[in-house]
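Asks: Each chain, letter by letter, is given below.
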Amino acid sequence: MDESNIKTVMDKGNYTFDMLFNDIQADSTDGIEIPESVYMSNREYKSKLIVVQMLLCLADLYKAENYNSNEKLRNAIEIKVDGDEQLSGYMFFVSQNPQFNYSWNYMRKCRTNYIEFLVNSIRFLNNVLVDINLLTGKSWPGNNIHVVFHDILDVELTSEVPFVKSRLLWENFYRLAMVKSDYNIVVKIKNNLLKTSNRKAPSDMKNLIDSVFDMINNESKKNTEYETV
Amino acid sequence: MNIPQNIISRLNELPIEEVADRLGIEVRRHKALCFKHDDHNPSITFSTSKNIYKCWVCGVGGGPIKLVQDKEGWNFQEACIWLGQKFNVWYLDGNNRNFPKRTSTQKYLTKHKEETVIFNKEVYTWLINNATLLDPAKMFLFNERHLDEGVVKKLRIGSVVNSLNMVNALIKRFGEDVCLKTGLVRRGNDGLYFYFYTPCLLLPYYDMDGNLIGVQSRYLGTNEKVPRFQFMSSQKTRLYNLPILNSLRRGDKLYISEGITDCLALLSDGLNAVAIPSATILPIEDLILLKNYELHMYPDQDSAGEKAFMTLRRFFINHYSIVRAEVLPSGVKDYCDYYIKKQETNG
Chain A
24 MDESNIKTVM DKGNYTFDML FNDIQADSTD GIEIPESVYM SNREYKSKLI VVQMLLCLAD
84 LYKAENYNSN EKLRNAIEIK VDGDEQLSGY MFFVSQNPQF NYSWNYMRKC RTNYIEFLVN
144 SIRFLNNVLV DINLLTGKSW PGNNIHVVFH DILDVELTSE VPFVKSRLLW ENFYRLAMVK
204 SDYNIVVKIK NNLLKTSNRK APSDMKNLID SVFDMINNES KKNTEYETV
Chain B
298 MNIPQNIISR LNELPIEEVA DRLGIEVRRH KALCFKHDDH NPSITFSTSK NIYKCWVCGV
358 GGGPIKLVQD KEGWNFQEAC IWLGQKFNVW YLDGNNRNFP KRTSTQKYLT KHKEETVIFN
418 KEVYTWLINN ATLLDPAKMF LFNERHLDEG VVKKLRIGSV VNSLNMVNAL IKRFGEDVCL
478 KTGLVRRGND GLYFYFYTPC LLLPYYDMDG NLIGVQSRYL GTNEKVPRFQ FMSSQKTRLY
538 NLPILNSLRR GDKLYISEGI TDCLALLSDG LNAVAIPSAT ILPIEDLILL KNYELHMYPD
598 QDSAGEKAFM TLRRFFINHY SIVRAEVLPS GVKDYCDYYI KKQETNG
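First to last, the protein sequences are chains A and B.
Sequential numbering from 24 applies to the first sequence in my numbering.
Sequential numbering from 298 applies to the second sequence in my numbering.
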C-alpha cells in the first residue's frame, strides 16, 4: 500500500463516540428527516434513540483500552446492573403481571441476559470505533465508499473532516440485541458490493482495508490499460 | 453506603475549575493559590483537558472528587455527596445531610463568607421594586448590549449603584436583624456591607406562578477581581424566565441559552428563551417542563458550550425530546456576541 495513503492522527483527530452519536441523531435534528419509510413511529424512534444513547455512553465509559478483557467488562457491567435499585424495583413491578405467574424468575433470567447484551454491544461499539479510526487513517480514492457494520451501522467515507459520516440502519435496530464478539463488515461502492469479511480481531479489519485497496488499485490499473489500448 | 459507579464517573467529569470555584478557590488563568500550604504565588495548576488539578509545591492533586476531599478534609463519600448536591447530579436524603464545617480558603480576593441565609421574599421583592435602572445599567443594557427596553422592563431588571445607600434603605425598612438573616446585608470587619458587588444589575428569577425565587447580580464595574455574577435564591438553582412558559403552547419554538446574557439577547431578537444558570448547572425539575416544546440551542463556541449542549441533549433524549443545535456564524463566541454584532451592523 502506498505510504502516502496513510494520514496521521494529527491531521484529522480521532472519531469519537460523541461524533458517532452526533451523526446518528443528526437525521432527526438537521433536516427533520426522521426515517421516511415509517418503519417506526416518531415515538419509537425516540425510544430507540434513548437506547443508542445509553449504549454509546456505556461504551464510552467502559472503553476498550481500560476494559480489555471480556471478564473485566462483564464484572463491571454486572456490578452496575445488579446494583441498580430502580431496575430491581422495575423487575418486581413487571413480575407482578399474571403472565409471569407472579414469579421473578423470568425477570432474573432477563437481567442476566441483559448483562450479556450490554457486554456484547459495548464490545461491538468499541470495536466498531476502532475500525472506523482504522478506516479514516487512509486516504480513500473517490467517494461513495460505504462500510456497513453488521447491517447496523453504515459508515460513509468522505473527503472532509472527520472523514466519515455514520448512519444507523434503524430498520435493523433489532440486530443490536443479537450482536456478538465477531461481526460482519461489508464494503460497498454506492450499492455495489466490493468485499465482505467476518471481523474477529482488529487485524481482520486491516486485512480487509488492504484487500479493498488492492481491488480498487487493480481496477484503476485495468481502466488505464484499456484507455492506453 | 455505596455510591454508584456511574455517579462517581459523572462527578469526576464535572469541570474541575467550576468545582474549585464552588469551593471558594479563586481560579485565574487556570491557576490558584494552594490551600494546603502557605502560598503567595499560585502553585496550583488546573488542566481542563485532563480535568485535574495539581500543586507543584506540596504535590496534592487529582480530579474533582479528590479536590473536594483535599480542600475540605472530607472522606470520599462526603465529597461525593457534597458534589452531587452542589451540581444537581445526585441527592441523598434530601437536603438534611450535615457536612463537616467548610474550611477557609486563601484567595486573590476575600470572598463573602458562606453563611446560612434565608431568602426572605418580602425583602427581595422590595429590593427589586426599589432597584431602578440607573445610568450605568442603562448604558450597559441599551448602549453596549443593544437590548430591547420592553424585554428589560418585562423581566423587571433593576440596578444598584450605591451599595451604602441601599444598605441604609434596607435597614431602615426591615431592621438590621432581618437584613442580616436574608444575607443581603453582611457584617464585615469594617461594618455592614451589601452582598452584591456594585454597581450591578439585579436580575430577578420568578417561578411559573410569578413568585420571586431568586436574584442574580451582574457586576458592572471595572474591578477584574470581582466575580461577574452572584446569586441568591430560596432554593436550588432554577431556570431563568420560567413565566414565559405560560404564554407558550405545546410545540412552540423555545430556545435554551447558557446564562442570562444570551437569554436577554434572544428575547430582544424576538425569540422565546429561557436560560440555564451555567454550562454545568442543570435545574432538571424545571427543564422537564420544557420537553413538550420545540427546543433549540445556540451552543457557545467553546468546549464548555459544547458540553452544555451535549448534557442538555442527553437529558432531553431520555425524556423523548430533542434539542436542536443552531450554529452561530464563525468569529462570534456566543449568541449575545452575535446579537451585538448584528445590531451594530444594522445601525
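None of these hints come from the bench; they were simulated from the model.
Just so it is clear, CB atoms sit at the ideal spot from N, CA and C, and this is done for glycine as well.
Warning: the hint list may mix true and false statements.
[Said to hold, decoys possible] Some chain A residues well away from chain B (every beta-carbon gap over 12 Å; in silico):
{"no.": "1", "residue": "48"}
{"no.": "2", "residue": "106"}
{"no.": "3", "residue": "132"}
{"no.": "4", "residue": "177"}
{"no.": "5", "residue": "188"}
{"no.": "6", "residue": "218"}
[What the hints assert, rightly or not] Restricting the straight-line Cα-Cα distance to at most 27 Å, the calculated cross-link-like pairs of lysine-lysine (DSSO-like) are:
{"no.": "7", "chain 1": "A", "residue 1": "71", "chain 2": "B", "residue 2": "351"}
{"no.": "8", "chain 1": "A", "residue 1": "103", "chain 2": "B", "residue 2": "522"}
{"no.": "9", "chain 1": "B", "residue 1": "383", "chain 2": "A", "residue 2": "103"}
{"no.": "10", "chain 1": "A", "residue 1": "69", "chain 2": "B", "residue 2": "588"}
{"no.": "11", "chain 1": "A", "residue 1": "86", "chain 2": "B", "residue 2": "638"}
{"no.": "12", "chain 1": "B", "residue 1": "418", "chain 2": "A", "residue 2": "95"}
{"no.": "13", "chain 1": "A", "residue 1": "103", "chain 2": "B", "residue 2": "347"}
{"no.": "14", "chain 1": "A", "residue 1": "86", "chain 2": "B", "residue 2": "604"}
{"no.": "15", "chain 1": "A", "residue 1": "95", "chain 2": "B", "residue 2": "347"}
Asks: Run every hint past the structure and note whether it holds.
Replies: Now the hints, each set against the structure:
no.	hint	result
1	48	7 Å, violated
2	106	6 Å, violated
3	132	24 Å, holds
4	177	21 Å, holds
5	188	17 Å, holds
6	218	35 Å, holds
7	A/71 x B/351	42 Å, violated
8	A/103 x B/522	44 Å, violated
9	B/383 x A/103	24 Å, holds
10	A/69 x B/588	13 Å, holds
11	A/86 x B/638	43 Å, violated
12	B/418 x A/95	54 Å, violated
13	A/103 x B/347	25 Å, holds
14	A/86 x B/604	20 Å, holds
15	A/95 x B/347	24 Å, holds
Against the hints set out earlier in the document, violations occur for numbers 1, 2, 7, 8, 11 and 12.
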